[in-house]
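Student: Take the given structure of chain A and dock chain B to it, following the hints.
There are 2 protein chains.
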Amino acid sequence: MRTLRWLIAIVLVAATGFVQAQTADPLPSWNDGPAKARIVAFVRAVTDADGKDFVAPPERVAVFDNDGTLWSEQPAYFQLLFALDRVKALAPKHPEWKTKQPFKAALEGDMKTLAASGEKGLLTLVMATHAGMTPEQFRKTVLDWVATARHPRFKRPYTELVFQPMLELLAYLRANGFKTYIVSGGGIEFMRAWAEGVYGVPPEQVVGSSIKTQYVVKNGVPMLIRQPAINFIDDKAGKPVGILQHIGRRPIAAFGNSDGDFQMLQWTTAGGGARFGLLVHHDDAAREYAYDRKSHIGKLVRGLDEGPRLGWTIVSMKNDWKQVYPK
Amino acid sequence: MRTLRWLIAIVLVAATGFVQAQTADPLPSWNDGPAKARIVAFVRAVTDADGKDFVAPPERVAVFDNDGTLWSEQPAYFQLLFALDRVKALAPKHPEWKTKQPFKAALEGDMKTLAASGEKGLLTLVMATHAGMTPEQFRKTVLDWVATARHPRFKRPYTELVFQPMLELLAYLRANGFKTYIVSGGGIEFMRAWAEGVYGVPPEQVVGSSIKTQYVVKNGVPMLIRQPAINFIDDKAGKPVGILQHIGRRPIAAFGNSDGDFQMLQWTTAGGGARFGLLVHHDDAAREYAYDRKSHIGKLVRGLDEGPRLGWTIVSMKNDWKQVYPK
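Chains as they are written, first to last, in the working numbering: chain A, 32 to 358; chain B, 32 to 358.
Bound conformation, chain A alone:
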């Protein structure tokens, strides 16, 4: 009889949990409005087994840009700030950097000269700080930085400058049978170091830009060594290419914030059946940043001009989000 009572208790608890899951707001940091309503309507449509828009769980693939979509990207991409901190940390071993550009500018915090060095200058810094070690060693460097570095304006760890409404969205999609992927122009190993802990996205679901790696056996120990050469740039038209390569399926939902995400949303939402495209519009200078058409980072022009006609949801950070960062 005690066993029976115990069984009943389990069933009751399970049933209560089920009802709660059905009624609790899964997106509490989103203000009620069209953006939130469209997200919920899409998820209900593709998970309704009797509906015309039902999608089987294996095909419920959702892809998220990272910089500006899941976490902030101002005043500069956080990975670039990591590279600058690494230049400072490695400087004692490279006395020549004191007089050699773009290292000199990086060491002196001379952002104007650094910006003038252009893509080539930044790439030089990235290669000098991201290559020449194993992925495990690089991962440790990233995690050490994440644990100690602070954002210049918010004075918080960078991994706390993730968007609470997007964390809820990731969890909501996963609770509805979606597999959530990051598809970002950022470095794949840079993101993998912390994405599982912060977003719940495991390494095998992170797609990003990469440098080449080479397999070598040193003193009998096999290892991969990161090379100072570009392997793949996961941005713009590269995003659908990266998605095919890693996932092998066309997503049914895509989330971004800049024109670097345009092709990813375009390819995703052009597929048959129910599709979802969403762009986060940074219009909240008070709580985060306000930038779009003229920004040097996260430029958003085509998305604003063509997105609404393509059925994409444009999220106003200011109006649609109750809260920006986790408390």
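FYI, nobody ran anything at the bench for these hints, they're computed from the structure.
Please read these numbers as outputs of a predicted model, since none were measured by experiment.
Certain hints may be false.
Note: identical chains are not told apart, hence a pair may lie in one copy or across any two.
Claimed, not checked - Derived lysine-lysine pairs resembling DSS-like cross-links, with alpha carbons at most 30 Å apart: (1) Lys-171 with Lys-83; (2) Lys-267 with Lys-249; (3) Lys-243 with Lys-267; (4) Lys-210 with Lys-243; (5) Lys-210 with Lys-171; (6) Lys-83 with Lys-249; (7) Lys-243 with Lys-330; (8) Lys-249 with Lys-330; (9) Lys-135 with Lys-151; (10) Lys-129 with Lys-243; (11) Lys-243 with Lys-151.
Tutor: Just chain B now, kept in the frame of chain A:
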């Protein structure tokens, strides 16, 4: 009271299933012997939550070569036989192929001239038959071929020439919380077309060689087009590189059959904690094929010479497998 009886029934059924799962032989097509015993001992060790070799489920990554490991690869890689069939199917649109090598040899079934054309010749055939379409169109071509083509010796569809003991091994590992991946020199999209149905391995868990793809918008329709250019060769030292790129974790178990898998097994088994490496040795001319050191396909020299010292399990197809193909 009826509800209670119903609950008891569920618990009893579940308990019975549990006991069965614990006692039924998960590898019935493997003869009892050291190979089978080592597989079972490894799986028990990494899944025993109280043991020193316990591995948390997310790190239970197992990688499988495909050609010669999961299915046969004689008298030639099946994907090459697919390419030759495609040359014949496409020939009416390419009258110039009648006089142009290596197409002429392919059309005439002149395998000697074809072999003499070397890697460059074969690559020409692959590019002519694998590029110039979307991944969806290519997938359909592969599935049509799989449905109709027959192996010259066994007169069965190629997807039936998979190894029954390896199908059981894939299922056994998955039942024990492993994520099973294919890591093959074969074409990634060629395998993805049928790997889920045949092996239970979804597209996102297939790593392979690839040609480049390009994102284009044609008459307003966005699509990816396969390009006649190599993107990545997932063989030998490329296998650990492909694993890092796609999975982002070092596997704890690796399964292969040729020296093309050497580095994958080497990197996998050199990691800390319990590791498992296994090579299928094709020594069964009666039921399948017998080849190793001198074969032009699936050459196995280093694996036989160095594998045992590295703790790898060498499986004799003849002695360790009760059955080769599914009935």
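Student: Give a verdict on every hint.
Tutor: How the hints compare with the structure:
no.: 1; hint: Lys-171 with Lys-83; verdict: between (48 Å within a copy, 25 Å between copies)
no.: 2; hint: Lys-267 with Lys-249; verdict: between (38 Å within a copy, 17 Å between copies)
no.: 3; hint: Lys-243 with Lys-267; verdict: both (20 Å within a copy, 16 Å between copies)
no.: 4; hint: Lys-210 with Lys-243; verdict: both (27 Å within a copy, 25 Å between copies)
no.: 5; hint: Lys-210 with Lys-171; verdict: both (27 Å within a copy, 25 Å between copies)
no.: 6; hint: Lys-83 with Lys-249; verdict: between (57 Å within a copy, 28 Å between copies)
no.: 7; hint: Lys-243 with Lys-330; verdict: both (28 Å within a copy, 28 Å between copies)
no.: 8; hint: Lys-249 with Lys-330; verdict: between (44 Å within a copy, 25 Å between copies)
no.: 9; hint: Lys-135 with Lys-151; verdict: within (15 Å within a copy, 48 Å between copies)
no.: 10; hint: Lys-129 with Lys-243; verdict: within (28 Å within a copy, 41 Å between copies)
no.: 11; hint: Lys-243 with Lys-151; verdict: both (17 Å within a copy, 25 Å between copies)
Violated hints: none; the structure is consistent with every hint.
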